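J.: Residue numbers (the working numbering), protein chains in the order written: chain S, 257 to 734; chain L, 186 to 458.
Keep in mind the hints are simulated off the structure, nothing from the lab. Treat the numbers as computed from the prediction; the structure is a model and nothing was measured. Even glycine gets a Cβ: it sits at the ideal position worked out from N, Cα and C. A portion of the hints provided could be inaccurate.
Stated by the list, open to error - No more than 20 Å apart at the CA atoms, straight line, and that leaves these computed lysine to aspartate or glutamate pairs for EDC-like:
#1 L:K284 / S:D604
#2 S:K339 / L:D266
#3 L:K257 / S:E495
#4 S:K616 / S:E528
#5 L:K268 / S:E338
#6 L:K268 / S:D533
#7 L:K257 / S:E403
#8 L:K339 / L:D451
#9 L:K352 / L:E337
#10 S:K353 / S:D435
#11 S:K356 / S:D414
#12 L:K268 / S:D604
#13 L:K285 / S:E430
#14 S:K424 / L:D266
#15 S:K693 / S:E639
#16 L:K295 / S:D705
#17 L:K257 / S:E381
#18 L:K285 / S:E403
#19 L:K284 / S:E381
#20 L:K335 / L:E443
#21 S:K339 / L:D271
#22 L:K268 / S:D435
#23 S:K701 / L:E292
#24 L:K393 / L:E345
To be verified - Computed list of chain S residues with no C-beta within reach of chain L, every gap over 10 Å:
#25 G310
#26 S618
#27 D705
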Amino acid sequence: MAASVCRVGSTVGRALAKARSPILLSLRRGQATVSYAQSLLGVPETRLTALDNGLRIASEETGHNTCTVGLWIGCGSRYETEKNNGTAFFMEHMAFKGTKKFPQAALEKQVESMGAHLSAYTSREHTAYYMKTLAKDLPKAVELLSEVVQSCALSEADIEQQRDVVLKELAEVEGSLQDVCLDLLHATAYQGTPLSHSVLGPSQNARTLSRQDLVEFINSHYKAPRMVLAAAGGVTHEELVGLAKQHFSGVSFEYENDAVPVLSPCRFTGSEIRMRDDDMPLAHVAIAVEGASADSPDIVPLMVANSIIGSYDITFGGGKHLSSRLARLSSEDRLCHSFQAFHSAYSDTGLLGIYFVTDKLSIEDMMHWSQNAWMNLCTTVTESDVERAKNALKTSLVGQLNGTTPICDDIGRHVLNFGRRIPLAEWDARIDEVTPKMVRDVCTKYIYDKCPAVSAVGPVEQLPDYNRMRSAMYWLRF
Amino acid sequence: MLSLAARSGGFSPYLQATSYAVAGPLKALIPPVVVKGDTMLVDTKKPFLTRESLNGQSPKCGPAVSVSINAKAGVRFAHTDIKVPDFSDYRRPELLDPKKSSQESSESRKAFSYLVTGATAVVGVYTAKTVASQFISTMSASADVLAMSKIEVKLSEIPEGKNMTFKWRGKPLFIRHRSAKEIAVEEAVEMAVLRDPQHDKDRVTNPKWMIVIGVCTHLGCVPISNAGDYGGYYCPCHGSHYDASGRIRKGPAPLNLEVPFYEFPDEDTVIVG
């Protein structure tokens, strides 16, 4: 019996050896072929060039068969006034309605025939138009993008038609209560400043914006020094620069009357806004303090701090074994349906906060424990918390870059915010430097005894009075 | 079916009044009859909420204005239409400029608020303490009772060598006008012979006037003045002899006669107690 087993075993062994499959024979076949540190350094470099008119070109050659190429522009709702709030958003709608060279049908046909995706987004400080396509279609993609951005048709008929679409979108977004809550948070936190403007703009503006407004907006903000042509995928930097020279050399870099739009600082006001509606099933609440700007050195400790609080949804399977203390409490005491710690960083300010969704009888408890979590960050955060958070943060940073589009978006935003792409290895090094004392000091600087901004939507009767929430921003025991 | 959604603003007037908007199998579509009524003069300056005037504020499309008798009526706006009011009237001067970061003045604003709060708290605590103690002190002895605890004596009425007895706090008070000879004798007494050693100086403020409580320290009888072997007092109950300084010299009493608190507001008066 034993002899026959041995014979079988040796036969199998000989068969495997004959097959010479390296995977099966390798002793290290369960392990990755490169270590994490090696992989960080192995990321291809992001190359950055600038044209004569100031337009920057940045690309990362990842070797994929596809690529994402787009134009990231440093303009958004923050550059609008109350009268033209919503122009950037309207512009985004108008962008794909045809250009001077390609009327709408022709533009759509061009894009569809390549099998490409053409999209855009607008945020408070950035606007992006990008295209996801095969790597070999890069020249066509750049041409179409240049058409869309530089010579948008903006016909009156299309503008009128898009009004309806924009209004419908406004109506639709009312259903996404997270967006409503966070928009209201900005509206109250930055009241009286351009950052309070929502990207969508008020319904009145959607009805009255004219072609002239759009043209003026483009002329004031779509300038070469504020634009970045970013690409990621199977693209070579030289080819991209050549295409940019061909299509984007004409982008203007001078402002009319030398009126360069300068962003003035935005005053943060500790305040609250409550949109109470007892007919809604769940309450959406966001509380935030003024945080760090995107280029501040404090941004990494704050990101680590947010990872310590983490996020939670009632569908998480971890239950009371989740590592974030607030998540454990949420699960065991049924405090909320979901929460997330967030940090929206702008060029000179930021919002550091916690957003949660809960039913109407748990709001007070959830608010108490959220602020308790903040107080713990300022006072008693431990080495193990920080280690865990650092690992989670590194994982999420790396994991987000899982395709040419996220990478391209990263490149575009980084070049606009920082003037260069910050490589993963640098993020990694900065995260490693964070110590518990650093987290405590930074959190104390931004959170402890500061006036928060609160916004709440839904059945929010139980939300405590503002003075009580303000009192929970410090501990008498310290 | 009286609830209607004003989907098509222009046609809405024609959809009012009794009309069937949906044709059923037995009911044909009955077109509404528009009845021309009197023209009403409307004051355009006064804002009023009607479907027409609200229509101007609502999005042009979608069921944004709904009017009904037996269902909810309302006008739906977008959340971006919510305008945060201008609170400049309530702001501190450092925060009036929206283009200036609020972080710079944060420390000074907090310091001011906390200082004012802290000072008010301290003042409040002292006020509370004062009020409380004022109320509680109403329960203490009143002035007439306190007055009874003191006695004022005119010293010129006491001749030299004489001992006067007064009733004070229910006890006899001896005031003795001592002569110079008596004072000298008492001051010369050795401490060693005294049962309760006390020098005469320690028992009087002004040696001329000796003030003691006339209660024998043995068992509480009242000693007789100018009696006994030592020129002072003699207690007849058990034979205790005190000297002119009220100190026990012979007999069963253990301690000297008690000296109460007294003071001389002027030459001629003493207040005891």
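J.: Give a verdict on every hint.
T.: Going through the hints against the structure:
Between the alpha carbons of K284 of chain L and D604 of chain S the distance comes to roughly 12 Å, so the proposed pair stays at or under 20 Å and holds. At most 20 Å may separate the alpha-carbon atoms for a hinted pair to count; K339 of chain S and D266 of chain L meet this at roughly 12 Å. Straight-line distance between C-alpha atoms of K257 of chain L and E495 of chain S comes to about 61 Å, which puts the hinted pair past the 20 Å bound. Taking the CA atoms of K616 of chain S and E528 of chain S, the gap is about 18 Å. The hint holds against a cut of 20 Å.
Using a Cα cut-off of 20 Å, the hinted pair K268 of chain L and E338 of chain S holds, with the two alpha carbons roughly 10 Å apart. For the proposed pair K268 of chain L and D533 of chain S, the alpha carbon gap of about 18 Å is at most 20 Å, so the pair holds. Distance hint between K257 of chain L and E403 of chain S is unfulfilled; the C-alpha atoms sit about 48 Å from each other, more than 20 Å. A threshold of 20 Å between alpha carbons decides the hint, and for K339 of chain L with D451 of chain L the separation of about 10 Å falls inside it, so the pair holds.
Restraint check for K352 of chain L and E337 of chain L: the C-alpha separation of about 11 Å stays at or below 20 Å, so the hint holds. With a C-alpha separation of about 26 Å, the suggested pairing of K353 of chain S with D435 of chain S is violated against the 20 Å cut-off. Between K356 of chain S and D414 of chain S the CA atoms are separated by roughly 13 Å; this keeps the pair inside 20 Å, and the hint holds. With a CA separation close to 24 Å, the supplied pair K268 of chain L and D604 of chain S exceeds the 20 Å bound.
Distance restraint check for K285 of chain L and E430 of chain S: the Cα-Cα separation of roughly 32 Å exceeds the 20 Å cut-off, and the hinted pair is therefore not satisfied. For the suggested pair K424 of chain S and D266 of chain L, the alpha carbons sit about 14 Å apart, so the restraint of at most 20 Å is met. The straight-line distance between the Cα atoms of K693 of chain S and E639 of chain S is roughly 9 Å, inside the 20 Å bound, and the hint therefore holds. With a C-alpha separation of about 9 Å, the suggested pairing of K295 of chain L with D705 of chain S holds against the 20 Å cut-off.
Between K257 of chain L and E381 of chain S the alpha-carbon distance is near 40 Å, which puts this suggested pair outside the 20 Å criterion. At most 20 Å may separate the alpha-carbon atoms for a hinted pair to count; K285 of chain L and E403 of chain S exceed this at roughly 39 Å. A hinted pair counts as satisfied when its Cα atoms are at most 20 Å apart, and K284 of chain L with E381 of chain S qualifies at roughly 17 Å. Taken as a hint, the K335 of chain L and E443 of chain L pair is honoured in the structure, with Cα atoms around 16 Å apart against an allowance of 20 Å.
Proposed proximity of K339 of chain S and D271 of chain L is supported: the alpha carbons are some 17 Å apart, at most 20 Å. Using a Cα cut-off of 20 Å, the hinted pair K268 of chain L and D435 of chain S holds, with the two alpha carbons roughly 17 Å apart. Our distance criterion of 20 Å between C-alpha atoms is met by K701 of chain S and E292 of chain L, whose separation comes to about 11 Å. Only pairs whose Cα atoms come within 20 Å are accepted, and K393 of chain L paired with E345 of chain L is accepted, the gap being roughly 9 Å.
The non-interface label for G310 of chain S is consistent with chain L: the shortest C-beta to C-beta separation is roughly 26 Å, beyond 10 Å. Every CB of chain L is more than 10 Å from the CB of S618 of chain S (nearest about 24 Å), matching its label as outside the interface. Separation of D705 of chain S from chain L is inadequate, the least Cβ-Cβ distance of about 7 Å not exceeding the 10 Å criterion.
Of the numbered hints listed earlier, those contradicted by the structure are 3, 7, 10, 12, 13, 17, 18, 27.
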